[in-house]
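> Go by the hints and put chain D onto chain E.
Respectively, the protein sequence lines represent chains E and D.
For the first sequence, this note's numbering assigns the number 1 to the initial residue and increments by one for each residue that follows.
For the second sequence, this note's numbering assigns the number 1 to the initial residue and increments by one for each residue that follows.
Worth flagging that the hints you see were computed from the coordinates, not collected in a lab.
Just to be clear, a hint being listed does not mean it is correct.
[As the list claims (entries may be wrong)] Part of the chain E face toward chain D, derived, beta carbon under 7 Å:
no., residue
1, V158
2, H216
3, K317
Every residue, glycine too, gets a C-beta built ideally from N, C-alpha and C.
There are 2 protein chains.
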Amino acid sequence: MSSTSAARQYARDNADRFLEELEALLRIPSISTDPAHAGDIAAAADWLTESLRAIGAENVAVMPTAGYPVVYGEWNGAGPDKRTVLVYGHYDVVPAAIEDGWDTPPFTPVVKDGKVFARGATDDKGQLFIHVKALESYLASGGAPVNLKFLLEGEEEVASPNLRPFIEEHRDLLAADACVISDSSMPAIERPAITHSLRGMTYIEIHVDAPHDDLHSGFYGGAVHNPALALVEILSKLHNPDHSIAVPGFYDDVVPLTNAERAEIAKTDMSEAELLAATGVPAPWGEADFTLRERVSARPTLEINGLLSGWTGPGSKTIIPARAMAKVSCRLVGNQDPHDIYEKLRDYILAIAPPTVRVSVELLNTGEPALIDFTLPEMQAAARAYEIGWGASPVFTRGGGSIPIVADIAHLLQIPVVMMGYGLDTDGLHGTNEHFSLEMFHRGIDTAIVYLEELARLPAPSR
Amino acid sequence: MSSTSAARQYARDNADRFLEELEALLRIPSISTDPAHAGDIAAAADWLTESLRAIGAENVAVMPTAGYPVVYGEWNGAGPDKRTVLVYGHYDVVPAAIEDGWDTPPFTPVVKDGKVFARGATDDKGQLFIHVKALESYLASGGAPVNLKFLLEGEEEVASPNLRPFIEEHRDLLAADACVISDSSMPAIERPAITHSLRGMTYIEIHVDAPHDDLHSGFYGGAVHNPALALVEILSKLHNPDHSIAVPGFYDDVVPLTNAERAEIAKTDMSEAELLAATGVPAPWGEADFTLRERVSARPTLEINGLLSGWTGPGSKTIIPARAMAKVSCRLVGNQDPHDIYEKLRDYILAIAPPTVRVSVELLNTGEPALIDFTLPEMQAAARAYEIGWGASPVFTRGGGSIPIVADIAHLLQIPVVMMGYGLDTDGLHGTNEHFSLEMFHRGIDTAIVYLEELARLPAPSR
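One chain only, chain E, in its complex shape (with noise of 0.2 Å):
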């Protein structure tokens, strides 16, 4: 038996035992976005490094940074002369409570219809540990085919502000000949997915104040200028009638779809009724000129957050709001700069504001779009793998999420990257009830493991 053929035979035999170590990680709170949860993202952080350490992983640190900490690990045992990968993941996650609407507290793990489900269970603690059980098990099983390193990060909910200085201060460390991020989803399991296109980000806050406190409406109500009421009008003017983004501008760097790239997204199209079921609308909506696919992967959006202002605990309070408030992002693509978008979007918001109130507008952080070619070895390998260990061809597809690092990681260490992303479009990821599939974790520790072979058998790479 190969080494390979014992890693994936080792990986079912420890099924039950993976999936109850993942359940220790996702009852740890580690959510980045707020810093009454710093504790907890320790916390995962140092279980991250015990887990590592445990399947024979070497190197393994808790790496400071000025945010939240990286933790490395690494195995060198294929030698020099074969290919190193590095794995990249995130230990943190979006808030999440009950309150919020979840059938179960969010931070303790219920496996319930074959998914297990959990605050970050897909997003992305479930698909980073896949490749740490990928590697347990070649090691349990005499060794792997290449070198790995693992650079698994705090901060990616809050867009990876303190990464790039990392990855730039430690580029001997981390260098290796591809990374592999599975942090990405397919629309079905039988439907496999590569994603070669991420879209980009800029998050703002705008914040309305006029009056220096809450007025009784009934003394002021008809001559000042409500706050929530100006910035409902400021919001209003964001898009056009056709659902396009009115920001002067905001498509100025938009790359036009060929025909041919059209082509290649319409054989993963959404239908309306896929769309429907997926999300509980009751109707699609957007830009009409392109397909829903397209709408959600290949064009820009710009979307409200979060709106608050006044009361809105239970009854009525009668008064003109103090202040209100909006987050508000976009999701941009290639080749669109977050911070000339950030400009663009500010400077339109200030010029619409009413000389009648106050209007901010903060940036809360940014994200580059990426696009990864796919006809490089090393996706193709990926789609080998997939072959292999998933049982399904994949298909190349544009991711709509956004994932920072990987145009960082691409650009400043010059390795593709290959998103081998494992959840499935439905787990609810920064909704409520996020869960992950049982049977996508064990498929895809399968198909980790396949990977390394695949690219231990690619010609030696040129150093």
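The following block gives chain D in isolation, referenced to the frame of chain E:
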């Protein structure tokens, strides 16, 4: 020394104690808009009954309603040939928390710069207590010149849903010749005002939802209608560009202002500088064809009182929110009907709701506008009481706020309602740092004492 002179002297001698007693009442967080404070409502009702019994009121009782109770008490010592005055007030308050921006805890009264700071200080605990202390001052000085009845409710801030049935059920108990209410304010201490008109209210909540859950904005952004955006689009269509209200038929029943009425309102006009200083807004806003005072008292309005959708905590969360909510209320003027306005508002909102989301409209509460003839003898007696007790002639003004019960009392008990407000427009009611001037409190007690004497001097009522 007449009984009235003695009572006025007694009030001056006991001013400090009166304030201490008021502070005890202000310590009870009797918030009627939040069911969690039901026990505090009961505590405030008990406190008031003790207070009424202590000064010598008779038949004092906490009388049940379908909601929070009415505190009742009376004094009939003037005899059946004398007028009976019904005092209305409310012991409930709107929510307040130090996190809202208060300088001191809202239910720990603090005296600073000649003002007592606390939620309810001016609205309405401080003002209703004036009448309790006026009666005490008479009873400690040989008796009052008229009979008194107290009707103190605990649901004014939730639009008095049970007071109208209570009055209907207890018409005989509440029979009186006039009703006096101190729950309004004047622009400055030397400019007392008798409010002869109040705005009504229609308060609704709008809910927009579409996805069954929060969605990842990367996966679905561009293909579904963001509920927060849909809400914004609806809210942006409730006003016309000239700041009038766009709801069809909204102004149908508004009685046009005559030139004579506009001249009366002009006596208390608010300058732009006054508005800016009082509110902190950078510029006035509203219907250009009306003066500032007209806008805030004689014109109907539509305000957004609260907005909530998606992620509103620190940092960013890249979701398409599952739902969005707005609290919206209209201030109404004669002869608008709150239920008719509700139907027009609801029908319009549902008519402009896009088919890409689900929209619902819920009526939270209503209040009728009120208009009292200020040539009535009980109104003119109040003007004389201000001249003698307060030391300044009052103007008859229109109030911009809503006291729904005023219309109910006037109609059901067939008596004039005299609104002698002892607050200042700048007291911050319903906002942060609500306060009540101690000078207003003590001058109010003096004026309330004199008013009973002035009522006693009127020709016998025709009963």
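> A separate judgement is required for each hint: does it hold in the structure or not?
Verification of the hints:
A distance limit of 7 Å between C-beta atoms decides the matter here; for V158(E) the minimum to chain D is near 6 Å, and the interface restraint holds. Below 7 Å, beta-carbon pairs count as interface contacts, and H216(E) has one with chain D at about 5 Å; its hint therefore holds. About 6 Å separates the beta-carbon of K317(E) from the nearest beta-carbon of chain D, less than 7 Å, and the hint is met.
Of the numbered hints given earlier, the model fails none.
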